[in-house]
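J.: Start counting the sequence shown at 1; every next residue gets the next number (our numbering).
Since the hints were made in silico from the structure, they are not lab data. Accuracy of the hints is not assured; some may be wrong.
What the hints assert, rightly or not - Below, simulated SDA-like cross-link-like pairs (lysine to any residue); rule was C-alpha separation at most 25 Å, straight line: (1) K47 x G67; (2) K107 x T54; (3) K16 x K47; (4) K148 x H27; (5) K151 x L118; (6) K46 x L62; (7) K46 x Y102; (8) K107 x A71; (9) K46 x K107; (10) K46 x T122; (11) K107 x K148; (12) K47 x P28; (13) K47 x W17; (14) K148 x H49; (15) K151 x L131; (16) K16 x R61; (17) K148 x I35; (18) K148 x T56; (19) K16 x E115; (20) K47 x P138; (21) K148 x D89; (22) K151 x V91; (23) K46 x V108; (24) K46 x G123; (25) K107 x L131; (26) K16 x E137; (27) K16 x K107; (28) K107 x G15.
As the list claims (entries may be wrong) - Okay, the calculated beta carbon distance ranges per label pair: (29) V108 x F31: 15 to 21 Å; (30) F31 x Q101: 21 to 27 Å; (31) K46 x R10: 33 to 39 Å; (32) F127 x T30: 23 to 29 Å; (33) H24 x E45: 31 to 37 Å; (34) E14 x P110: 18 to 24 Å; (35) S18 x L62: 33 to 39 Å.
Just so it is clear, CB atoms sit at the ideal spot from N, CA and C, and this is done for glycine as well.
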Amino acid sequence: MTSDGVAGGRPLNEGKWSGWTAWHDPHPDTFLQAIGRGYMRGLGEKKAHVALETRTSHRNRLDTLHGGFLAAFADHAYFGGLWAMGYRDQVNGVTIDLSMQYLGAGKVGPDLLAEVELLRETGRLMFVRMLITQDGEPVAASTATLRKAPKAQ
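Work the whole structure out from these sequences, hints included.
T.: Quick look at the structure:
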């Protein structure tokens with residue numbers, strides 16, 4: 001697939017997500033459609049929030065949020081968080097390693113909120129972590145190593 005646009009964000013000025021930026025991906029038929037639209041906002045130089053509205057397709061047979069969905073959300077939230085921190089060229093980076101710790105059963109309905117933190121950056125790598133909560137309660141934690149996108153020519 002070739003890019004017909006650049007992924008990134010669109011600021012929102014009204015409704016529930018006023019003050020947030022909605023993730024925009026110019027490719028309508030990618031895996032991100034299964035996750036849903038993310039919302040992000042920077043919390044400073046090295047932190048950001050990424051939120052997501054949960055839906056019934058995110059649940060497992062136990063009627064809780066599926067662990068695979070939470071891992072996919074974490075992977076997406078890392079890049080949305082970096083975008084909100086100002087690392088906009090990293091939307092084309094790749095995940096080298098992602099670890100999840102499931103802390104509680106998430107529910108369909110309440111929004112997920114990931115607090116993303118950039119721990120360290122080297123010439124080629126970014127080390128990040130996050131805590132995912134729902135209604136203020138921990139659902140999952142994660143750490144990841146991301147390979148930076150190649151510099152634009």
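J.: Would you mind confirming whether the straight-line C-alpha gap from K47 to P28 stays at or under 25 Å?
T.: 28 Å, violated
J.: Would the pair K47 and G67 pass a check requiring their Cα atoms to be no farther apart than 25 Å?
T.: 24 Å, holds
J.: Hinted pair, alpha-carbon criterion (25 Å max): K16, K47. Please report holds or violated.
T.: 21 Å, holds
J.: What's the verdict on K151 and L118, does the C-alpha distance respect the 25 Å limit or exceed it?
T.: Satisfied, since the Cα-Cα distance of roughly 19 Å is no more than 25 Å.
J.: Assess, step by step, whether the Cα of K107 is no farther than 25 Å from the Cα of T54, and give holds or violated.
T.: Holds, at about 8 Å.
J.: Given the hinted pair K148 and I35, is their alpha-carbon gap at most 25 Å?
T.: This hinted pair holds, its Cα atoms lying about 23 Å apart.
J.: Sort out whether L131 lies within 25 Å of K151, counting only the CA atoms.
T.: 29 Å, violated
J.: Is the hinted pair K16 and E115 satisfied, with a Cα-Cα distance of at most 25 Å?
T.: Holds, because 19 Å separates the two Cα atoms, which is no more than 25 Å.
J.: Is the straight-line distance between the alpha-carbon of K46 and that of G123 25 Å or less?
T.: OK: K46 and G123 at ~17 Å, within 25 Å.
J.: With the threshold set at 25 Å, check whether the alpha-carbon distance from K107 to A71 stays at or below it.
T.: Given pair K107, A71 holds - Cα atoms ~15 Å apart, limit 25 Å.
J.: Within 31 to 37 Å: is that where the Cβ-Cβ distance between H24 and E45 falls?
T.: For E45 against H24, whose Cβ atoms are near 23 Å apart, the range 31 to 37 Å is violated.
J.: For the pair we were handed, K148 and H27, check the Cα-Cα distance against 25 Å.
T.: Measuring from Cα to Cα gives roughly 21 Å; hence the hint holds.
Violated hints, listed in ascending order, are 6, 9, 11, 12, 15, 16, 18, 23, 31, 33; each of the other numbered hints is respected by the structure.
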